[in-house]
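Spelled out from the first residue to the last, the chains are:
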Amino acid sequence: DQQVKQNSPSLSVQEGRISILNCDYTNSMFDYFLWYKKYPAEGPTFLISISSIKDKNEDGRFTVFLNKSAKHLSLHIVPSQPGDSAVYFCAASLTHSGGGADGLTFGKGTHLIIQP
Amino acid sequence: DAGVTQSPTHLIKTRGQQVTLRCSPKSGHDTVSWYQQALGQGPQFIFQYYEEEERQRGNFPDRFSGHQFPNYSSELNVNALLLGDSALYLCASSLVGGNEKLFFGSGTQLSVL
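Protein sequences appear in the order of chains D and Y. The numbers in this note's numbering rise by one with no breaks, and the one at position 115 of the first sequence is 927. The numbers in this note's numbering rise by one with no breaks, and the one at position 43 of the second sequence is 50.
Rather than coming from a laboratory, the hints here were simulated on the basis of the structure. C-beta atoms are modelled at their ideal positions from N, C-alpha and C, and glycine is treated no differently. A few of these clues could be false.
Stated by the list, open to error - Under 10 angstroms between C-beta atoms, here's a sample of chain Y residues computed to sit facing chain D:
| no. | residue |
| --- | --- |
| 1 | S14 |
| 2 | P15 |
| 3 | L18 |
| 4 | R22 |
| 5 | V26 |
| 6 | Q44 |
| 7 | G49 |
| 8 | P50 |
| 9 | F52 |
| 10 | F76 |
| 11 | P77 |
| 12 | A94 |
| 13 | A99 |
| 14 | K108 |
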């Protein structure tokens, strides 16, 4: 029973264009959502987060959108750069802090490839 | 400022053996969580330690146990290893009750033969 789903295992985008990564969740109790980025041989690195009381959060080239009614969130990267090539994980939490005792529930990840 | 450090980086064991993985949290963090990442999957929550006690556990059997020391470092122990325990084991640290995001180490790659 996968509560956080990333249905695209991989995504290829041309450098300079917009990358859109999608994530769906099933548990309506999730109230905090995070995106992590992972390079090979490294641990996941926090990228951006959003609370369930918001529908958008922006940080530089990264914007996360949350649609609670659809239980869907997306990560937009504009413009995409070669260094953005990595695996991106969507994660959800039952507590606002994201570090709550219940831990994070991760999706399977989307491998983003930025082509020159 | 040292981040989360894990040891060893790689480990090979045989079925039935026991293994201990170690983690030192990021400076200033007091909470350690452990995750298992199987090939092609996202990290899966094993358990979290705070004040030397297990606060919560994910859907993992009792073969998985842990410990947190007074200096906040932590160990993950797995007994009676199965082939399916082969995975990347990630340690993450955070501050309890704060708005800190989890900081992950690079992980320990465990192979069970």
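A quick look at each hint next to the structure:
1. S14: violated (13 angstroms)
2. P15: Cβ of P15 (chain Y) sits 14 angstroms from chain D, so the hint is violated.
3. L18: violated (15 angstroms)
4. R22: The hint is violated - R22 (chain Y) has no Cβ within 10 angstroms of chain D, the shortest such distance being about 26 angstroms.
5. V26: violated (19 angstroms)
6. Q44: For Q44 (chain Y), the interface hint holds, since the closest Cβ of chain D sits about 8 angstroms away, which is under 10 angstroms.
7. G49: Holds, about 3 angstroms.
8. P50: Given a least distance of 5 angstroms, the restraint on P50 (chain Y) holds.
9. F52: holds (3 angstroms)
10. F76: violated (19 angstroms)
11. P77: This interface hint is violated because 20 angstroms lies over the 10 angstroms limit.
12. A94: This interface hint is violated because 13 angstroms lies over the 10 angstroms limit.
13. A99: A99 (chain Y) check passes; min Cβ-Cβ to chain D is 8 angstroms, inside 10 angstroms.
14. K108: holds (4 angstroms)
Of the numbered hints listed earlier, those contradicted by the structure are 1, 2, 3, 4, 5, 10, 11 and 12.
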